[in-house]
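Add 50 to the 1-based position in the sequence shown for our numbering, that's all there is to it.
It cannot be assumed that every hint is accurate.
Capping the alpha-carbon separation at 20 Å, the derived lysine to aspartate or glutamate pairs in EDC-like fashion look like this [as the list claims (entries may be wrong)]: (1) Lys187 / Asp235; (2) Lys187 / Glu225; (3) Lys218 / Asp191; (4) Lys218 / Asp68.
Distance ranges between label pairs, derived from CB positions [to be verified]: (5) Pro199 / Leu170: 44 to 54 Å; (6) Pro69 / Gly129: 39 to 49 Å; (7) Gln188 / His136: 29 to 39 Å; (8) Asn224 / Ala185: 18 to 28 Å; (9) Pro171 / Gly140: 27 to 37 Å; (10) Pro199 / Gly102: 41 to 51 Å; (11) Leu170 / His136: 28 to 38 Å.
Derived from the structure by calculation, the hints contain no laboratory data. Here the structure is a predicted model, which means the values were calculated and not measured. All residues carry an ideal CB built from backbone N, CA and C; glycine is no exception.
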Amino acid sequence: MGKSRRTIPEELLLLALDPTTGTTAQPQTLDLGLAGAQLVELSLAGRIVPEGDRIAVVLPRPTGDPTLDHALELLRRRGSPVRAAHWIGGPRLGLRQTYLAHLERCGMVTAVPGQVCGVLPTTRYQASDDCTNAAIKQRLDTAIRTGVPPDPRTAALAALAHSVGLGKHLYPGNEGRSSRSRLRDLIRYDPLGGMVAHAVMDVQNGLPSQQNRSPQGGSGTPAAAGRPGQRASGRGGAGGRVVAPRVGVR
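All chains should be modelled from the sequences, with the hints used to inform the complete structure.
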């Protein structure tokens, strides 16, 4: 896989970066979203395919992206299709930090060391090219504003952004309420992205994986598509119990 195109995990993390503070929004749930984004990217690369609510490896050949290839190898070692929710909720924490380091190596972000309260060391991250972040956000804005079905990558990115509760980060306040609602509705335009996004939400809410869940937004399970807004007020936590603090990445 060449680097002419940013991967969906990279774009999700760049969307979550706050340009003012250099911290990431929704740090507790972002790891789950990044794990789900890896599944979508590997599917688009032809390495895995969905089988109901499970994921099967069909081509174990490396993509050339080290973070994706690590995930692909872990999936291959399973030996049989794995449920998306079980994979996303598995003991593979630290993806946020892994991807921040990856983006730094690729020159997409710059690490800025600092201190909390003048004592504790911390690292904040600034996007190296604000135009890149603006272009990613513009794709979502265009899909929301025009109502034209987006391409699968944009639809999957929107579904994952909604699933981890980035709506209020991207479209804050009362004036962003309608945009947040339309962001949620974009989940219907990519079946795989919708399935993965629902798996992310199930893990957050402590729900068991459900077989044969329809990912088709309004035509399948609209209540499920809106779960973060209904149960977590857009915070991306489990039933609203987790509130993401805005602290530096350590």
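Hints, verified against the model:
no.	hint	verdict
1	Lys187 / Asp235	16 Å, holds
2	Lys187 / Glu225	17 Å, holds
3	Lys218 / Asp191	14 Å, holds
4	Lys218 / Asp68	12 Å, holds
5	Pro199 / Leu170: 44 to 54 Å	47 Å, holds
6	Pro69 / Gly129: 39 to 49 Å	43 Å, holds
7	Gln188 / His136: 29 to 39 Å	35 Å, holds
8	Asn224 / Ala185: 18 to 28 Å	27 Å, holds
9	Pro171 / Gly140: 27 to 37 Å	30 Å, holds
10	Pro199 / Gly102: 41 to 51 Å	24 Å, violated
11	Leu170 / His136: 28 to 38 Å	35 Å, holds
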